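For chain A, the structure is supplied; the task is to place chain B on it using the hints.
Residues per chain are reported as follows:
Protein chains: 2
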Amino acid sequence: MKKVLILGGGFGGAYTAMHLEKQLRKAKEPFEIAIVNRENYFVFQPMLAEVVGGSLGILDTINPLRKLLPKTNLYVREVDSIDIEQGKVFLAPKYSHAPYEVFFDHLVFALGTVTDFRGMSGIHEHALPFKNLADSIAIRNQIIDVLEAAANETRPKLKEKLLTFVVGGGGFSGTEVVAEVNDLVRKQAKKYPSIDPKQIKVYLIHSKDRLMDKEMPESLGSYAGKLLAKRGVEIRFNTHLKTATPEEAVLDTGERIPCKTVISTVPSSPNPLIEPLPLNLQKGKVVTDAGMQVDGHSNLWALGDCAATPNLEEGGLCPPTAQFAIRQAKVLAHNIAASLSVGKKKEFRFKALGMMGALGHQSAVAELFGKFKFSGLLAWMMWRAIYWAKLPGVDRKVKVALSWMLDTMIPIEAVQIKMAPTQGIAQLHFEPDEIIFHEGDIGDYLYIIVDGEVEVFSGKGKEEKTIAKLGKGEYFGEMALLNQKSRLATVRCLTAVDVLALKKSDFGVLISNFQELRKDFEKTQETRRREID
Amino acid sequence: MKKVLILGGGFGGAYTAMHLEKQLRKAKEPFEIAIVNRENYFVFQPMLAEVVGGSLGILDTINPLRKLLPKTNLYVREVDSIDIEQGKVFLAPKYSHAPYEVFFDHLVFALGTVTDFRGMSGIHEHALPFKNLADSIAIRNQIIDVLEAAANETRPKLKEKLLTFVVGGGGFSGTEVVAEVNDLVRKQAKKYPSIDPKQIKVYLIHSKDRLMDKEMPESLGSYAGKLLAKRGVEIRFNTHLKTATPEEAVLDTGERIPCKTVISTVPSSPNPLIEPLPLNLQKGKVVTDAGMQVDGHSNLWALGDCAATPNLEEGGLCPPTAQFAIRQAKVLAHNIAASLSVGKKKEFRFKALGMMGALGHQSAVAELFGKFKFSGLLAWMMWRAIYWAKLPGVDRKVKVALSWMLDTMIPIEAVQIKMAPTQGIAQLHFEPDEIIFHEGDIGDYLYIIVDGEVEVFSGKGKEEKTIAKLGKGEYFGEMALLNQKSRLATVRCLTAVDVLALKKSDFGVLISNFQELRKDFEKTQETRRREID
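So the sequence lines, in the order shown, correspond to chains A and B.
Positions 1 to 533 (full-length UniProt numbering) are the ones given, in order, by the first sequence.
Positions 1 to 533 (full-length UniProt numbering) are the ones given, in order, by the second sequence.
Excised from the complex, chain A in its bound form (with noise of 0.2 Å):
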């Protein structure tokens, strides 16, 4: 059977999973369908600022991918890389170190953008990403975390801190976002007594002189701006989040915001995943036809964010937005599925509907056919009754709609989701004769040895030979992560063993800042290398 494997879970890849299943009802070849997701579900996107303010619950914008597409085969993994020549792609290991390879006779990629805050100092550590459920939690415990270390301090200026948020981006997202932090910071504030309102600061930085200025008409940009800064949010045109530290924004005017709280929701940049492959890219984006099929690739695919596909309606190229993503999925699933028995391939042809950004606390602003402009509660209740009517399953539809009731009631506690905090350094526990790692696992890990006795050696059964017997206080695996390659042996317990792991990344880290360190792993390096050989 021929299997279409899905990169990525959101409104690309799972609509194009959906239509592919009701291809399948009636193709003459039956065929498979994968789809590789980060997450076991899809996210309903337009929603997740409410999740922020609390309108919605956590759960109440997710579909389990399995529930959604009972006919497709779900890997709920990380895609490592994509190998387009033998036609496979390779997963993250989960549970094992071993590299998992996926094939594949068609592949659809469907993988979005991402929050790449690299190479932008200070933003990359301080700022928080808005882009995926987990940041809309995270934004929401940072949110109640402050208001309740500003409750008790004492001190002005670290008071004053912690009751300043800052938000860079005046696009959709930084719009939505900044005025669902706004009322809820507002309305939250009102339960501590010690707690001034007046002594609450909300920014919004943005780079042009007018909000959404890519997305909505003038009069409707300008209507949002006044309408968020009514409400209590300042706003700065014309400048950018120069950079931040724990401490506070920077702006590139040389303006300095003490804050505890800084989102970005700039910039949206294209899954590196794509980056080193041997396609027509533009801008980061897989060069695409009209039918979605990659430049010179015939069992190549790509849709939604991370695809360059022609406009033919409006000239130029498809704009990154869940309608245009939702309406591809539907003549690409066709187009597969001509490609795999014979039928004709169709061409994406679409005129945008309208926009629709919505300002928080029963306002909105929306434009449809291009001519009809609307704000405030009748562009909210538009927002809300096309948004609810576009949530896939009926489960969502009530539990949303739901949430929306109870939500005037009995809002959503303002309480964190803890978890507790992931170690830096893990610590392993292994029994005798465990095997720590195997010869051509992945290199992911470095060891080291706080108790016990391992045994490292290559070959198996009777090609066994022992490299290296090593105890209390060396290490191990630092080969495979100095180099990026593979494990050379495999490390098995001769008694119970305790043992510290450091992920490749903070080893990469430690070892780059740290002479001493290095050195010293360098030279052990050296020798061990001369014992294999």
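These are computed hints drawn from the structure, not numbers from a lab.
Only a predicted model underlies this, so the values are computations on that prediction, with no experimental measurement involved.
A few of these clues could be false.
No distinction is drawn between identical chains; accordingly, a pair holds when it is met within one copy or between any pair of copies.
[Said to hold, decoys possible] In silico SDA-like cross-links for lysine to any residue, where the CA-CA straight-line distance does not exceed 20 Å:
no., residue 1, residue 2
1, Lys-418, Asn-132
2, Lys-191, Leu-428
3, Lys-242, Gln-362
4, Lys-418, Gln-142
5, Lys-242, Leu-494
6, Lys-157, Tyr-95
Frame of chain A, contents of chain B only:
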């Protein structure tokens, strides 16, 4: 105004504050009530197992403390240490490194017990505790995670491990959690065509010869064991969970159970904050009289699981149950109010009403008034009715009732609550002139300079005395960590600075295992100490 400070917001602490607020109304001299809790909410512990199973939502079992206790001052912090003689409590710093003190006239210990796996090699590293809300979420996440991994696993040995679940401890919470885990796994597995229900194994390891031997009469304990066995739980009696590794659970009979999920409900240890105090302790619990007053201290009080309070009705000590803590709280609040004015103190007298244990899937066991025994559906209905009635706040009652109703129609989705992983080694960015830490701050991090230059100095204003200038590759902050003292100097950025920050605990782990690193740090420290002197 006199200040009553309560440490801990569980049943003992929250209900003490609640009753103190009532006492406040009739008090001649008003007093201040304050409570310290790690979270800003109270968790209704008895329903936590249902969060694992998913018949209740994550936030259904919690009540914001501010709402519950409108007249109480809430500190959402960790307690660092307690100074009885000076009458103050040190709270962990947050958003600053400066120490944070709270003074008290009366102090109430309501710290409960903690899950303490220290010294339990293997369990400490690889077993999930089941004690608080974060634990419930973590267990639920883990179950969903292994099911997803198992669904696509082709290596039979790994698949077997992924589908095996081991719970250590067959007391109340162990029995409740294994019942919910078993129900959840078997229900969810049906949604995965590639998982054969026969491959699922759920084990309960108990040290005695019947379940809940301490809490329930023999007949009900045996009933629970038989019921769980019928539903597929394999119970190992008369043995302990000896250790665990990433690959298996090991029992002290020598049996090794290959698995990826180990949950341990034993043991509950006294809160480590209490141990160093100059108080009369009994097995780590604070000894009080029948009025909850701490032995020999007229302004110290203790109740609930962290107190050794005589049980006047039945002899011995009061058992560590919510039932007792709630009733103790009322008497304790009265006694504190009495000692603040001139009232007469009361003694705590209460005869347990009975015990109930849920067994999942519409069944439970219950014993009331020491003579009536119930099991199965009837006991389950009693369980729900009684605990529902005990839920504080109308909001909670509505939400829980709603969740229970919805559970039969639209069950809570089996999705993971994922948070962005906290980084092992934090990267921080500072701008010129910013202070990284102040003299006198708590030494909680070691810093390594990645880029930029800092100045280390002691004294303030004109007294300022530069100690050193440090640049790329150099580190600072190690002295307070090595000596467990507060900072001896202030560090200010001369340029924009990027640093790595290593948590005290991670630093400790590294230093005690890397010979070279320790030597190097000790050498630097020696030089710097001379510079300061």
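I want to check one pair: Lys-242 and Leu-494. Are their C-alpha atoms no more than 20 Å apart within a copy, between two copies, both, or neither? Between copies, since 19 Å is at most 20 Å while 54 Å is not.
Please work out whether the CA atoms of Lys-418 and Asn-132 approach to 20 Å or closer within one copy, between two copies, in both situations, or in neither? Answer is both: 17 Å inside a copy and 10 Å across each meet the 20 Å cutoff.
How would you classify Lys-418 and Gln-142 at a CA-CA limit of 20 Å: within, between, both, or neither? both (11 Å within a copy, 16 Å between copies)
20 Å Cα cut-off: does Lys-157 pair with Tyr-95 within a copy, between copies, both or neither? Only across copies: Lys-157 and Tyr-95 sit 12 Å apart there, 47 Å inside one copy, limit 20 Å.
What label fits Lys-242 with Gln-362 when the C-alpha limit is 20 Å: within, between, both, or neither? neither (32 Å within a copy, 57 Å between copies)
If the cut is 20 Å between Cα atoms, do Lys-191 and Leu-428 qualify within a copy, between copies, both or neither? neither (44 Å within a copy, 33 Å between copies)
Figure legend: structure checked against the earlier numbered hints; hints not met, in rising order: 2 and 3.
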